[in-house]
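Visitor: Here is how the chains run, residue by residue.
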Amino acid sequence: MSLDPVILFFLLGILARLVRSDLRLPEPLYEALSVYLLLALGLKGGVELARHPLAALLPQTAAVILMGCLLPVVAFALLRRPVGLDRVNAAAIAAHYGSVSVVTFAAGVAWLEARAIAFEPHLALFLAVLEVPGIVVGLLLARGAGAGAALGPLLREVLAGKSVLLLLGGLAIGAVLGPAGLKSTAPLFVDLFKGALCLFMLELGLVTGRQLGQLRHAGARLVAFALVVPLLFGAVGAGVGGLIGLSVGGATLLGTLAASASYIAAPAAMRVALPEADPGLSLPIVLGVSFPFNVIVGLDAYHAFAALLAR
Amino acid sequence: MDTPWHARKLLTIIAESSLERSLIAEVRAAGVSGYTIAEVRGGGAGGERAGDWEGERSIEFRVICDQALADRVADRVMRRYAANYALVLYLTDVGVRRAERFP
Chain A
0 MSLDPVILFF LLGILARLVR SDLRLPEPLY EALSVYLLLA LGLKGGVELA
50 RHPLAALLPQ TAAVILMGCL LPVVAFALLR RPVGLDRVNA AAIAAHYGSV
100 SVVTFAAGVA WLEARAIAFE PHLALFLAVL EVPGIVVGLL LARGAGAGAA
150 LGPLLREVLA GKSVLLLLGG LAIGAVLGPA GLKSTAPLFV DLFKGALCLF
200 MLELGLVTGR QLGQLRHAGA RLVAFALVVP LLFGAVGAGV GGLIGLSVGG
250 ATLLGTLAAS ASYIAAPAAM RVALPEADPG LSLPIVLGVS FPFNVIVGLD
300 AYHAFAALLA R
Chain Y
2 MDTPWHARKL LTIIAESSLE RSLIAEVRAA GVSGYTIAEV RGGGAGGERA
52 GDWEGERSIE FRVICDQALA DRVADRVMRR YAANYALVLY LTDVGVRRAE
102 RFP
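Chains A and Y supply the protein sequences, listed in that same order. So in our numbering, spot 272 of the first sequence is number 271, and the numbers just go up one at a time. So in our numbering, spot 75 of the second sequence is number 76, and the numbers just go up one at a time.
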């Protein structure tokens, strides 16, 4: 465990919930912070991306998307057998774990930067492309039971959703303008990044703190799943990162992405497309177990995996 | 009785915000001319919905129309969403000006 302001603010949020504090971040602030984080991550990646040949990126991106399609299938298999869930709930939770969490990624970026470990700029691109496959595969897995709405409109909604739009938009703007063109925006988008992330983590601590109270409903097997799967997927992600030629920092972040579970895009999509899936099972383990696990101990583990594999 | 107020029904639906688009589509399809949405928070049998992040927002969805239309909308909403979503529906009498706007 690493004592980082990001973690400490998160713990403060959890504490606030546990002591039933009246602390509450205004909704518009939460909304603004999430827009800010997405843009900052996109711009940062885009600026660097402009210096790299794009052609080399295609096979890597294809490998990452393939990973994003396979991981939810593994999650689904684990949820069906050892955990013993019904098909629809297993598919919905598999979609959460197949998709990714922007804030976990942001925490990973802050973790690496605090240790001056370099990573490839296109990890922000991988963040954008990994949001969707998990959700689609999750829905296809549920389809087997005859459940699920039409894929088309849902896909459009996820692709046009703010996270994909702002990440890709930030990447494009960063790539077009380059470091010189964006210099005047750096005080906002670069210098304030970590402080803004701390505020966001305070809010997420509040959300996590409430989900902790719902864990009993999820049950011990799901809680075990929510601890084992990030470690397993994190190792796979770090391994894939090494295989496609990422640096240790890049492989750490790919591990972080694979380990992370979506708590915004996937729950929203599942609520619409698989209404019979119980959010009372997925949200407590995603927010109450896997998210804190990833940011508090997971990041160190995925970095250790990546470093081990690089030797 | 001469009154400037015309009798109508106010149908209020409190729902998860993930239903917002579907509810708009339902009332438009039923022929309701307008609607109002407010973000709200509260608690119920299923626990609290504090509304502090996007997965947990709730909305209050209001339409003003005549009784028949309100019945139609409420029936459709109940049939399609009551099984899997948190929902509260209630109907009240209201008086409106500009009656032509509320079929």
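Be a bit skeptical, because a hint or two may be false.
Partial pick of chain Y residues on the chain A-facing surface, computed with a CB cut under 7 Å [claimed, not checked]:
#1 21
#2 54
#3 83
#4 85
#5 93
Which chain A residues stay away from chain Y? Per the calculated CB distances, all over 10 Å, these [to be verified]:
#6 47
#7 114
#8 206
#9 266
#10 271
Sample of chain A residues facing chain Y (criterion: CB under 8 Å; computed from the structure) [stated by the list, open to error]:
#11 32
#12 188
#13 190
#14 192
#15 193
#16 195
#17 263
#18 274
Derived by calculation from the structure, the hints in this document are not laboratory data. For every residue, glycine included, the Cβ atom is placed at its ideal position computed from N, Cα and C.
Visitor: Evaluate each hint against the coordinates.
Guide: Now for the hints, and whether the structure bears them out:
Interface restraint check: residue 21 (chain Y) against chain A, minimum CB-CB distance 10 Å, threshold 7 Å, status violated. Residue-level restraint check for residue 54 (chain Y) holds (minimum Cβ-Cβ distance to chain A is 5 Å; threshold 7 Å). With 7 Å as the threshold, the beta carbon of residue 83 (chain Y) stays out of range of chain A, its nearest partner Cβ sitting at about 11 Å, so the hint is violated. With its C-beta approaching chain A no nearer than about 4 Å, residue 85 (chain Y) sits inside the 7 Å limit, and its interface hint holds.
The closest approach between the C-beta of residue 93 (chain Y) and any C-beta of chain A is roughly 28 Å, which is over the 7 Å cut-off, so the hint fails. Residue 47 (chain A), annotated as away from the interface, keeps every beta carbon of chain Y farther than 10 Å; the closest lies near 29 Å. The claim that residue 114 (chain A) is not at the interface with chain Y holds, since no C-beta of that chain comes within 10 Å of its own (minimum 29 Å). With a closest Cβ-Cβ approach of about 5 Å to chain Y, residue 206 (chain A) is found to fall inside the 10 Å limit, against its non-interface label.
With a least CB separation of 5 Å from chain Y, residue 266 (chain A) falls inside the 10 Å interface cut-off, contrary to its annotation. Its beta-carbon lying about 6 Å from the closest one in chain Y, residue 271 (chain A) breaks the requirement of being farther than 10 Å from that chain. Proximity of residue 32 (chain A) to chain Y is violated relative to the hint, the smallest CB-CB distance being about 11 Å (cut-off 8 Å). Interface hint at residue 188 (chain A): violated, since its Cβ lies 23 Å from the closest Cβ of chain Y, which is beyond the 8 Å cut-off.
Violation of the interface hint for residue 190 (chain A) is found here, the shortest Cβ-Cβ separation to chain Y being roughly 26 Å, above the 8 Å cut-off. Given hint, residue 192 (chain A) at the interface with chain Y, is violated; its Cβ is 20 Å from that chain's nearest Cβ, farther than 8 Å. Residue-level restraint check for residue 193 (chain A) is violated (minimum Cβ-Cβ distance to chain Y is 21 Å; threshold 8 Å). Using the Cβ-Cβ criterion of 8 Å, the hint placing residue 195 (chain A) at the interface with chain Y is not satisfied: the shortest such distance is roughly 16 Å.
Checking residue 263 (chain A) against chain Y by beta carbon gives a least distance of about 6 Å; that is within 8 Å, so the hint holds. Hint status for residue 274 (chain A): holds, given a least beta-carbon distance of 4 Å to chain Y, under 8 Å.
Figure legend: structure checked against the earlier numbered hints; hints not met, in rising order: 1, 3, 5, 8, 9, 10, 11, 12, 13, 14, 15 and 16.
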